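Residue numbers (the working numbering), protein chains in the order written: chain A, 5 to 242; chain B, 6 to 489.
To be clear, the hints were calculated from the coordinates, so they are not data collected in a lab. Note that the coordinates shown come from a computational prediction; the quantities given were computed from them, not determined experimentally. Wrong hints could be hidden among the right ones.
Unchecked claim - Estimated spans, in silico, between C-beta atoms of each pair:
id, chain 1, residue 1, chain 2, residue 2, range
1, A, I107, B, T318, 17 to 25 Å
2, A, K63, B, E393, 57 to 65 Å
3, A, G204, B, Y278, 43 to 51 Å
Glycine included, every Cβ here is placed at the ideal spot set by N, Cα and C.
Residue-level listing of the chains:
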Amino acid sequence: MASAAHVVTLTIDGRDVSANADDTVLEVARENGIFIPRLCNIDGLTPVGACRLCLIEIKGSPKLVPACVAKVTEGMEVTTKSERLDRYRRVILEMLFAERNHICSVCVSNGHCELQALALDIGMTHVRVPYRYLRVGIDASHDRFIVDHNRCVLCTRCVRVCDEIEGAHTWDLLGRGTNSRVITDLHQPWGESDTCTSCGKCVNVCPTGALSIKGHSVAEMSKRKQFLPYLTLMRTEK
Amino acid sequence: MTRQIVIDPVTRIEGHAKITIHLDDDGRVQNAEFHVTQFRGFEKFCEGRPFSEMPSLMARICGICPVSHLIASAKACDELLAVQIPRTGQYLRRLMNLAQMVQSHALSFFHLASPDLLLGMDSDPGKRNIFGVLEAHPELARDGIQLRKFGQQIIEWLGGKRIHPAWVVPGGVSAPLTAERRDQILATVPEALEIAKRTIKWYKGVYEKFQSEIATFANFPSLFMGLTTERGRLALYDGKLRFMDEAGNIIADRLEPSQYSEYIEEAVEPYSYLKFPYYKPMGYPDGCYRVGPLARLNICTNCGTPIADAELTEFRQIQEGAVLSSFHYHYARLIEIIFCLERMEIYLTHPDILSKHVRAFAGPNSLEGVGVTEAPRGTLIHHYRIDENGLMKWANLIIATGHNNAAMNRGVTQVAKHYIKGATIPEGMLNRVEAVIRTYDPCLSCSTHAVGQMPLHVQLVAPDGTLVAEARRDDPDGVGGRIR
Chain A
5 MASAAHVVTL TIDGRDVSAN ADDTVLEVAR ENGIFIPRLC NIDGLTPVGA
55 CRLCLIEIKG SPKLVPACVA KVTEGMEVTT KSERLDRYRR VILEMLFAER
105 NHICSVCVSN GHCELQALAL DIGMTHVRVP YRYLRVGIDA SHDRFIVDHN
155 RCVLCTRCVR VCDEIEGAHT WDLLGRGTNS RVITDLHQPW GESDTCTSCG
205 KCVNVCPTGA LSIKGHSVAE MSKRKQFLPY LTLMRTEK
Chain B
6 MTRQIVIDPV TRIEGHAKIT IHLDDDGRVQ NAEFHVTQFR GFEKFCEGRP
56 FSEMPSLMAR ICGICPVSHL IASAKACDEL LAVQIPRTGQ YLRRLMNLAQ
106 MVQSHALSFF HLASPDLLLG MDSDPGKRNI FGVLEAHPEL ARDGIQLRKF
156 GQQIIEWLGG KRIHPAWVVP GGVSAPLTAE RRDQILATVP EALEIAKRTI
206 KWYKGVYEKF QSEIATFANF PSLFMGLTTE RGRLALYDGK LRFMDEAGNI
256 IADRLEPSQY SEYIEEAVEP YSYLKFPYYK PMGYPDGCYR VGPLARLNIC
306 TNCGTPIADA ELTEFRQIQE GAVLSSFHYH YARLIEIIFC LERMEIYLTH
356 PDILSKHVRA FAGPNSLEGV GVTEAPRGTL IHHYRIDENG LMKWANLIIA
406 TGHNNAAMNR GVTQVAKHYI KGATIPEGML NRVEAVIRTY DPCLSCSTHA
456 VGQMPLHVQL VAPDGTLVAE ARRDDPDGVG GRIR
């Protein structure tokens, strides 16, 4: 009965919930049907706490904490919705939109995009920071897939899924700050990558239209996300 | 001194117009220029994007005829894929094109032109709009709204959205038609056809009152250009290009649309951002030609549907040879609405229309593609070049309104010469200038929509360049330049 000792109780938005001590707040919230926005996090991959959209308030702590990496503790009092959190999340979203060129109306993922859905959900009607109109290109050298850096939010889901699940580690990050790019191999064209197995996992975990299947027209690219928890589960059980 | 031309970078065709009228030493109108002062840059900013994005991206050029851009663009992309698209996919595209033609023509005729026709060119400008029509002739206004709704509704039923549906894709369409939708559309066609028949009957009773306008509204010899089927019939989706002269002689026929650059060239005038295409063998400006409903009905042998053909026979009584007055664009538009409705029934009852095979898939197999179709306003050309990965390298678009540019300018000059006497500009003149441009239904009027007026700016310039008089009609709702 060792696991019983690890059960902790906490409150999320005033609700009493119980959890395993090694769970994250985000996992527990989701299990209990409490919605916390997230962009870099996805079930089945290691959390990295990069996008900061899942920020929460914890009583007694002046700092906001990303729920995807915050482990639950006994007696923790978590708030997932507040005016302050909304404000932060909205600014984060606005900056994501302003950083590159997210043109939903002509995007392959229009209507199936997690960034777009979050913006709609939070009621983002406009962007208050100036757009940067970064000149970033498209790599269409791969036979089947396209990477459009204009739509990339640097969530690194592609990097993690390629490394952790496929084991190829084709994707990685180059540069710092706004100069960061996801790259294939050592910054070679995707079509020339020796390590890419063309499995398509990166495309399916990508939250936006940054990674898509070649030839898809506007609004046609919907991603299959279910495969990931399933694959993780099956591999762990073996 | 003339005032500086203000460049509003709003839209390619829609939006603001400017007219300059030049006087000779005796104060008579010598020339008039119709300026399109906007710049959009679609040809440039599509560069580097995947070609599969083009239909939806290019459709954003216009909110009234997005389907035409969708189709011209998708056809250019079909050529890049180098595939033959499934027959049903083509029928469905045609169906949506017809629906759009109906709604766009209805908008032009009822919402934009009918106030002049019903209330008179010199009537109170405050009431010379769709609301004035609603007040004076509620049945006609209702018919117009109904007909436009009919077209828009079908576009939505087919493509999921009334404006900018993403359903037309390279290789065909993205989803087949269901039996329920087919029946739903079929059930609405008879009412629309009744409205169209009623309207053309009414129109035939009133248009002869406008003799002076008919005589001066761009009533001059020119060439006419448009697509026809193999048999020379009216074609709106696909076909071969035909040129006809003012006497009704076919001077070039069965031209391959993809070879357009061999017989169409574009001239540039310093006063307008819109280029002036002309028929190459005749040079500029003699090779000036018109496109759109009037041109299509002039050049075609017949329509190929019974009611439209009966109307066409009557239409051709107006004049021997080609019908030359642009005033008759209105008439031609009404006949085309009937044709579209008749064609829709044919496609909807076709045994293959519900086939699930509506799209061909392929990668980029050809590095260059041209798509030509007939938009409500005339022949529309999209020409793309891509790299071997399918990214756009270059695009050239010749928009329907562009073909008519030279003819619109000549029309404005003709109206100005006829109606401007002395150094003042009467309101009726402004409206007639507006009305002659409006017969072409250029995308300029798209943006000003039914309420309010085209923001016009007319200048009278003496030979020494001084500004004699100026009349300005601002855009009261501030909506003229809105990008749709």
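TODO: Sort out which numbered hints this structure fails and list those numbers smallest first.
DONE: 1
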